[in-house]
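Residue numbers (this note's numbering), protein chains in the order written: chain H, 1 to 413; chain W, 1 to 422.
Check the hints yourself; a few may be wrong.
Said to hold, decoys possible - When the alpha-carbon atoms are kept at most 20 Å apart in a straight line, the in silico EDC-like pairs for lysine to aspartate or glutamate are as follows: (1) Lys-169/H - Asp-91/W; (2) Lys-404/H - Asp-377/H; (3) Lys-139/H - Asp-361/H; (4) Lys-189/H - Asp-382/W; (5) Lys-218/H - Asp-255/W; (6) Lys-385/W - Asp-204/H; (7) Lys-385/W - Glu-186/H; (8) Lys-385/W - Glu-197/H; (9) Lys-139/H - Asp-355/H; (10) Lys-299/H - Glu-48/H; (11) Lys-385/W - Glu-220/H; (12) Lys-218/H - Asp-138/H; (13) Lys-359/H - Asp-369/H; (14) Lys-218/H - Asp-91/W.
Stated by the list, open to error - Here are some chain H residues the structure puts well away from chain W; computed CB gaps all over 10 Å: (15) Arg-92; (16) Arg-121; (17) Leu-162; (18) Asp-204; (19) Gln-208; (20) Glu-261; (21) Gln-390.
Stated by the list, open to error - Stretch-level coverage of chain H by chain W, calculated; a stretch enters the list once three of its residues show a Cβ under 8 Å from a Cβ in chain W: (22) 30-42; (23) 307-319.
In short, the hints are calculated from the structure, not lab data.
Small disclaimer: the values here were computed from a predicted structure and weren't measured.
Note that beta-carbon positions come from the ideal geometry of N, C-alpha and C, so glycine has one too.
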Amino acid sequence: MTRRFGWLAATAAAGTLAFTAGAQAQDCPIKIGALAPLSAPGTVVGGEAMRDAMLIAEEDINAAGGVLGCDIDVVIGDSEGLPERATAVMERLITQDGVVAVGGGYHSSVGVASKDVANAREIPVVFAETWNDTITGDKQKYIFRIAPLSSWTSNIIWEFALTVPGVEKVAILTENTDYGIPASQETAKGLNENGVESVIFSVDIGTQDYAGIVERIKAEDPNMIITLVTGEAAFNFTQQAADAGIGPLDIPFQTGQDALESGAYWTNVPDGQYAFVQRIGVPESQFTEKGKAFAAVYKERTGKSDVESYAMEAYDSIAILAQAINEAGTTEGSAIVTALENISHDGTLGRIYFDYGLKKDPSEDGKGDEWWHQWPDPAITMIQYQEEGQSSTSAAIVYPDAYKTADPVFVNE
Amino acid sequence: MESPTIFWGVIGWMVVWGVLGSILLRQRYLARDLDTSNANFVGAMSGAALGPVGVGLLWATTPKLSGRIIVGFGILAVVLIAAAFSFADPDNVCVSNGSFVASQISNGLIIGIIYGFMALGLTLIFSILGVVSFAHGEFYMIGGMLVYYITAVWLPGVNPLVGVMGACLVAFILGAAFERAMLTPMYKGKVDRPVEYGILATFGLAFTLQYFVQAIHGATPVKAQRFIDFPRIRWPEGADPLWIRTSRGNLTLFDTISISNPRFIAAITCILVLLALLYLLHRTWTGKALRAVSQDRDAAAIAGIDPNRMNMLAFALGGMIAALAGALLVQAFSWLPQVGAIPAMRSFVIVVLGGLGSLPGAFVGGILVGLVEAAGTGCVPDAQKAASYIPAYGMIVLTLTLLLRPTGLFGRRFASGTHGQF
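Using the sequences provided together with the hints, build the complete structure.
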């Protein structure tokens, strides 16, 4: 626990020093906004995990002396997973609550819609779990991201699918959102370029009844199913597919990322053994000291047996903003951006930094626009629930080889 | 689609003759001083199904426009669309795969029965109280939530029937208590705008229930275990029968039609409860009293029926029906405090489609919406779009029906704005 607070104490001390040395006076507490989906049709399971993590970050930062001599106050905004709601919440956080920066964010559509509001009002945002490439690809001054790009996660998905024995045709179920549509297209493109046929089915976020779609997928006779749907909708699809004989026990099946919340997963998908799940971040055995300390507090606080990657990202999004404000010595937006561009933050996910931005355009290194204000090193793995009732942090990592802890079990072999 | 011009050409032909038939037949029946209540609808169906032949036949003979004529032309129109689709897209899975079609029809029927059952509760409340209950989705939600808590948390291992009965009982009591406490001012002259008051009161109940459950339970999705597993059927003895094959979660008929266990159990239970409800309404004094109040409140009171008591009974029964639908589906879907929003919206569509206040209309409307959704999901050629449009399929049917028959399929033309009739 001592190590966990070490960096916080150091940054708090630096901030306090800057504050006493004559930095402009601050209104205390300093408010930092935090986006999370806490109502349907958003992914409430993910939103609650992120909210809990961001509140732990608030406690840790305040316990270590706060920011610029003030406590911070994390103001939670419920995005409901809806873009129109996200813009309204971002507007409210900035204009009414007076936040100086914003962290969190789960759904890509929320990030895509709300980033323009924040950028126009010159409020820095560090998005935690929004994958859509355009969020950083629009090269906006105040927008940063520590989640992986959608194109990176899609690469891992199709590269893993190519390792499935005898794979010739893959069915992809996606939600018709800013996360699902590009992710499914990139996955399909990667598969098709490698000679594997794919068929995409898209659904509304929050769909409950998949009987008709499941029958249609069955009629396509795929060798693998990939689910790019968030929240309980992915639980519904996976179990209904299992009931119909094309679930994780029947063919190689990648379910939605919310299966990382293993308690909810096993309650809702009792026939979900052998499902593959994409996970951001390294296995728990390779967590940083700060990651281990956070995991212990998070598990104790929530009663969960595992730590979801989006909870760690949410924690880091608040912590990195606190460090940036301290290093900027002010809550002024431009100064925080400069501090973020030059930051080296030891987070729960590893060392977080940003190579490209105002200081250096991605094109100078031949990179695409999406590398703007983008953390380049998030680990992306594929895990498999090889035992019934398993927790996600103890599940086998089956891809890529750099993190592999066990060989995948392919039920069709 | 290989030949879209064939399909869209036929659809265009049907639309043109449907519109012409609707206009011409209404004018013809008006000119002959005949009942025009079904003229638009039948004219459109006859035009769509048989073009100038159908419209001309009805124009010349001006028969009484009965339900049989409506159904006959309606089926013909659907057959024509299906035939055009088959010619235009012969490789479509809906055309080339009979087993898939059979499965989609059975899926549509089963979910339609469940939709219709839930809408019955809404219709019952509207018929007696003249109020559209906006808390219907929340009764559905608490039904499922109670079954989960009873069978998995409070009394783990208990027979699921106990959970279902418990959920129904709680919903019935809650509905009765709410009606007594909040809705009585409507018909005691204590409020200026009783209908609006009723709607707002049920809105309030909806929010209260949803956020109360969220505060108590949280927003983590839960699910009840399957109520029963299908037994392994071997008949003739020792052999795997061809006509029926079962696994724990699935039933396959004739190696063709696949039905999931939770939906099968839910649909069968809905049919049994529907039969019981019909018995209650048509064979018992209480049911007859309910129907009497729906037809004429004052006359029913003169005959010795207490309309206020019937109001309470109707609201409680309506809420209980929604809760039962939820109690049966919590083994099929993941359950959240917000889970009732989509089914409630669909129930409103079905009730209006079937005709406000009509019990048969609600049930037929539910099955129609279920079948149209299954057809859309299965047959729209672009797989990426087929499932995205699920919410739109029911709305298309509703819009077309209301254009041609504003009272809905089974609605009465002069049903009161305050109280419908069933």
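Going through the hints against the structure:
{"no.": "1", "hint": "Lys-169/H - Asp-91/W", "in the structure": "18 Å, holds"}
{"no.": "2", "hint": "Lys-404/H - Asp-377/H", "in the structure": "17 Å, holds"}
{"no.": "3", "hint": "Lys-139/H - Asp-361/H", "in the structure": "9 Å, holds"}
{"no.": "4", "hint": "Lys-189/H - Asp-382/W", "in the structure": "17 Å, holds"}
{"no.": "5", "hint": "Lys-218/H - Asp-255/W", "in the structure": "14 Å, holds"}
{"no.": "6", "hint": "Lys-385/W - Asp-204/H", "in the structure": "10 Å, holds"}
{"no.": "7", "hint": "Lys-385/W - Glu-186/H", "in the structure": "18 Å, holds"}
{"no.": "8", "hint": "Lys-385/W - Glu-197/H", "in the structure": "18 Å, holds"}
{"no.": "9", "hint": "Lys-139/H - Asp-355/H", "in the structure": "13 Å, holds"}
{"no.": "10", "hint": "Lys-299/H - Glu-48/H", "in the structure": "13 Å, holds"}
{"no.": "11", "hint": "Lys-385/W - Glu-220/H", "in the structure": "16 Å, holds"}
{"no.": "12", "hint": "Lys-218/H - Asp-138/H", "in the structure": "39 Å, violated"}
{"no.": "13", "hint": "Lys-359/H - Asp-369/H", "in the structure": "14 Å, holds"}
{"no.": "14", "hint": "Lys-218/H - Asp-91/W", "in the structure": "16 Å, holds"}
{"no.": "15", "hint": "Arg-92", "in the structure": "20 Å, holds"}
{"no.": "16", "hint": "Arg-121", "in the structure": "30 Å, holds"}
{"no.": "17", "hint": "Leu-162", "in the structure": "22 Å, holds"}
{"no.": "18", "hint": "Asp-204", "in the structure": "6 Å, violated"}
{"no.": "19", "hint": "Gln-208", "in the structure": "5 Å, violated"}
{"no.": "20", "hint": "Glu-261", "in the structure": "8 Å, violated"}
{"no.": "21", "hint": "Gln-390", "in the structure": "18 Å, holds"}
{"no.": "22", "hint": "30-42", "in the structure": "holds (count 4)"}
{"no.": "23", "hint": "307-319", "in the structure": "violated (count 0)"}
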